[in-house]
Amino acid sequence: MLDAFSRAVVSADSKGAPIGTADLTALRKYVADANKRIDATLAITQNVSCIAADAISGMVCENTGLTQPGGHCYPTRRMAACLRDGEIILRYVSYALLAGDPSVLDDRCINGLKETYLALGVPLANAIRAIEIMKIATVAIMTETNTGRKMFEGINSGSGAQCQDIASEAASYFDRVINALS
Amino acid sequence: MKSAVTTVISSADASGRFPTISDIESVKGSFDRANARLEAAEKLAVHIDRFTSEALEYVYGKQSLEQANKDKCARDIHHYLRLINYCLVTGGTGPLDEWGIAGMREVIRAQQLPTIAYIESFSYIRDNLDIPSDMGQQAASEFKSLLDYLINSLA
Numbered sequence: 001m002l003d004a005f006s007r008a009v010v011s012a013d014s015k016g017a018p019i020g021t022a023d024l025t026a027l028r029k030y031v032a033d034a035n036k037r038i039d040a041t042l043a044i045t046q047n048v049s050c051i052a053a054d055a056i057s058g059m060v061c062e063n064t065g066l067t068q069p070g071g072h073c074y075p076t077r078r079m080a081a082c083l084r085d086g087e088i089i090l091r092y093v094s095y096a097l098l099a100g101d102p103s104v105l106d107d108r109c110i111n112g113l114k115e116t117y118l119a120l121g122v123p124l125a126n127a128i129r130a131i132e133i134m135k136i137a138t139v140a141i142m143t144e145t146n147t148g149r150k151m152f153e154g155i156n157s158g159s160g161a162q163c164q165d166i167a168s169e170a171a172s173y174f175d176r177v178i179n180a181l182s
Numbered sequence: 001m002k003s004a005v006t007t008v009i010s011s012a013d014a015s016g017r018f019p020t021i022s023d024i025e026s027v028k029g030s031f032d033r034a035n036a037r038l039e040a041a042e043k044l045a046v047h048i049d050r051f052t053s054e055a056l057e058y059v060y061g062k063q064s065l066e067q068a069n070k071d072k073c074a075r076d077i078h079h080y081l082r083l084i085n086y087c088l089v090t091g092g093t094g095p096l097d098e099w100g101i102a103g104m105r106e107v108i109r110a111q112q113l114p115t116i117a118y119i120e121s122f123s124y125i126r127d128n129l130d131i132p133s134d135m136g137q138q139a140a141s142e143f144k145s146l147l148d149y150l151i152n153s154l155a
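Chains as they are written, first to last, in my numbering: chain C, 1 to 182; chain P, 1 to 155.
One side only, chain P facing chain C, incomplete, derived with CB under 7 Å: (1) MET1; (2) VAL5; (3) THR6; (4) ILE9; (5) PRO19; (6) LEU38; (7) GLU42; (8) ALA45; (9) ILE48; (10) TYR86.
Note that these hints are calculated values from the structure, not bench results. We put the beta carbon where it would ideally sit given N, CA and C, even for glycine.
Isolated chain P, as found in the complex:
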């Protein structure tokens, strides 16, 4: 599982060396940013159902999408937000990459899913995040950068 720490250890192991000062500094850097990430993860876990339903109401409220897919869309948005919660905890994009994005294009193409519903939902969540009542400024920027990462991979 790719995270800030495991990435450093993998590359140290690949060259058979003990963690160097620069390895340790990069790990320390990720610890220094960890509080914002963990706050974002905590708040996301609290608000995950609300974020999902608000985004869903917004996207399906526009009537341009088939309403029959709404439940499945809700399930998927919730799923992706959960993976973002994991990414916030690990401090890397490992969980999204391994469990959300790998194979995503193939599944979407095979099932002819409209990715626009997802993209709009995540954009809605990103643009309507209430700071500071949903989460603090730094936590929100960690959360938003992962939303952007996901949106880019869906686009």
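Next comes chain C alone, as it looks inside the complex:
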């Protein structure tokens, strides 16, 4: 597993050179944006069930056959597995966001996910839709563009607009999962 810092180290090591001023510029930006990154992570961790459960519910609402007999979320045992998976994917996205690098998401979540779902007969289109809803909800909460109440207390509270870049980064991690399943 890598983070933004160890990613730079691995790439410098392949050249056998120490990390100098040029490479440090990007890392200094990562450090300077640390509070925003932490706020963005808090936006996820304070709204886990809201993001994950609502996404699964949204997926079912758009396709009510899922919870009918014969549907993929019937009986509740399978619905529960679906809710669990939503949370797991969200959890790995939160790790990747905190690390500033997708390797933890790739290694521990995405790798083999599609094969597992195909083997278990999970409908990929529906799974992708649930992840899309999680992405939309996460970005809205982070940037404080959701309708209704403010959804998280961060270090820079009231600074949702400042989380714009980090929110795009979070969206890219959800897209990574979506692409892997497509």
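Let chain C serve as the given structure and place chain P on it in line with the hints.
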């Protein structure tokens, strides 16, 4: 690769939980110290050749070591300083542990290398660091603690 952030994530993942407030605070703590670390890494990258050659001249100037090994010693000191540069960037001892220290005892024993040359070189670099012209006070203390870590593992 062990770093301040990956250590936190690994333990959170091992228990299947989202990053908690205390996880996030420990990550934040490492970010707060990051500027000193990055300064140390930057200055070390600039001075790495000079540090290597000065330490080498000092250790081999004492005539007690076989001069034929000097080039190899220079290469190794440079290598270890590079790994310290990486450790300063990651904020953990991962690069030194994984690429420098794992297997080191076995290699040293197999080749019957005198570790004293390394220990003296790193001690020389640690004791002759010029503050603030080489690097600032906080950066130097980050650098020195990694030098100590390496010296202890060689001893």
